[in-house]
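Chains as they are written, first to last, in this note's numbering: chain P, 955 to 1240; chain F, 299 to 577.
Because the hints were derived from the structure by calculation, they are not lab data. Predicted, not measured: the structure shown is a model, and the values here were computed from it. Be aware that a few hints might be false.
[Unchecked claim] Far from chain F, some chain P residues (derived; all Cβ distances over 12 Å):
| # | residue |
| --- | --- |
| 1 | 1024 |
| 2 | 1055 |
| 3 | 1075 |
[Unchecked claim] So the derived list for chain P, only partly shown, Cβ under 10 Å to chain F, looks like this:
| # | residue |
| --- | --- |
| 4 | 1026 |
| 5 | 1114 |
| 6 | 1159 |
| 7 | 1188 |
| 8 | 1195 |
| 9 | 1230 |
| 10 | 1232 |
Using N, Cα and C, we set each Cβ at its ideal position, and we do this for glycine too.
Here's the letter readout for the chains.
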Amino acid sequence: MSGAPNTPAREAPRTAAANETYRLPPRLFDARCAACWVVAGIIALTVASFWTLDLQWAKFLSADAARKMGKFLGELLSPSVDPAFLKKLTVASLETIAMSALGTLLAAIGGLLLALPASRTHGEDKARWRAITRLILNGLRSIPELVWAALLIIAAGLGPFAGTLALALHTTGVLGRLFAEAVENAPPGPAYALRVQGVPAGRIFLYSTLPQIFPQLLSYTLYRWENNIRAAAVLGVVGGGGLGQMLAFHMGLFHMNETSSILIAMILLVALVDILSYLSRRILQR
Amino acid sequence: MNSSATVLSPRLRDPAWLKRVFWTCVALVLIAPALVVTEFKPWTLFEPESLKITTRFLGDFFPPNIEGEFLLMVAREAWRTVAIATAGMALALLIAIPLTLMSTSALSISALPGRMHAMPFVIRQAIRWLLIVLRSVPELVWALVFVRVVGLGPSAGVLAIALTYGGMLGKVYGEILESDESHATNSLLRNGSGRLQAFLYGLLPQSSAELTSYTVYRWECAIRSSAVLGFVGAGGLGQQMDNSMKMFRGDEVATMLIVFMLLVGLADYVSERLRRVLA
């Protein structure tokens, strides 16, 4: 990273020098190389970060913390297998999946509706709403699901509804932008053919653009669904329903056996999603 | 649909009609239970009781709080958010780099002539599983665990990011190294160089651009998640935002949301520029 480009060996008169200059390694820091400055900046940032954060290493590395951690891990090793609790756990897992599915569906619909004003479909399209819609999409996207959930709990109350809406809002921002790009990058031929015939804009979209980009929209949506299952599992920590809410509840009351089961369920859910997505990609690529 | 004799006008004729209706019905049947499970009741948003709280809270958003003292606090917390992410990434690299070097099969000497020996294979697989476990526990859950052990504050956030991102970086580094051209590395290993030498002179020069670009991208993600980690008490902007939300201080929440968006935008910009410089 910190290397000036090697100077090529010039055809210099071959005198017997102890160190031929071109064989010397490049200097470690060269004021002219941008990468050197960047690396120096990164090192400075890292040092400043450790310096200003009052990280209690002493506390963390103390025997007390080690004992606490050991006890914690020990308790985690005996998950609760009480049938009544496992039933609750299954319900919460299903709730997590339902939240993610519904949130993604709402987001796909909302994203498509916002993607239309956010895209310039052809040269003469004035696209008056493009800038403002893109601003809205960016705003929706840059606030994470968890912050949305914390905000929505005020309006929608604790529970999976707030979590679903939070997923839907954040994902609308993400999908809207991806969809708008898909609409703009669709092959223009069929749309042009319809437009010169005087077909109105809405029908041009339905009969030429949408059929062409539909597989792409579907793959974006499925990809976001995969992400949202992972996000939905933890949304509950702030009160957005699903597995996370159970986790926050039982961990808060130090029910370690239940906590352990919930953590295992969470990891299994995420692993399952990973495996399914990997397999489906393998099958689709074949 | 079964009007084979009367020809419909082209406007109404749609060969895929039946298929569309079928898939719509399937989707509705699948969604109906989801609506019940998630307690999807949009009308509750518009009940007078909750509407009053919401409008008051949102009304407080404007004007955002711009008192000097509060802004100073927000700036300090924003820096702490960046610092947590950066420190977490530094520790994540400390975890990821050795584990990658130990687990990548591109540096296996016994695999040169044919199949890898049993022992190295088992060790590599074990490390890979360790990375998968580290990565598949969400950082928020790690943070919850560490808040229990080390108490509220940035330490929990740094450790949570270090573990999750260590797992992610380790896995992706391994994939990058294994997908690269192996000729140079293999030649070095065959001629008797050590694994570390083969890595530094064969693998690293080829893939350094890809590795740095991914690392910078992950740093950007770490800033986003460190802001969120505050909601479980791991310090930074999230923790202050959580406090203000609990006190229904709309004006403070508005300021912090704006600062948060600016921070994410800045990280986005810096990471794009960095990737261009380092590539």
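Consistency of the hints with the structure:
{"no.": "1", "hint": "1024", "verdict": "10 Å, violated"}
{"no.": "2", "hint": "1055", "verdict": "6 Å, violated"}
{"no.": "3", "hint": "1075", "verdict": "23 Å, holds"}
{"no.": "4", "hint": "1026", "verdict": "6 Å, holds"}
{"no.": "5", "hint": "1114", "verdict": "4 Å, holds"}
{"no.": "6", "hint": "1159", "verdict": "16 Å, violated"}
{"no.": "7", "hint": "1188", "verdict": "4 Å, holds"}
{"no.": "8", "hint": "1195", "verdict": "7 Å, holds"}
{"no.": "9", "hint": "1230", "verdict": "14 Å, violated"}
{"no.": "10", "hint": "1232", "verdict": "12 Å, violated"}
Checked against the numbered hints given earlier, the structure breaks hints 1, 2, 6, 9, 10 and satisfies all the rest.
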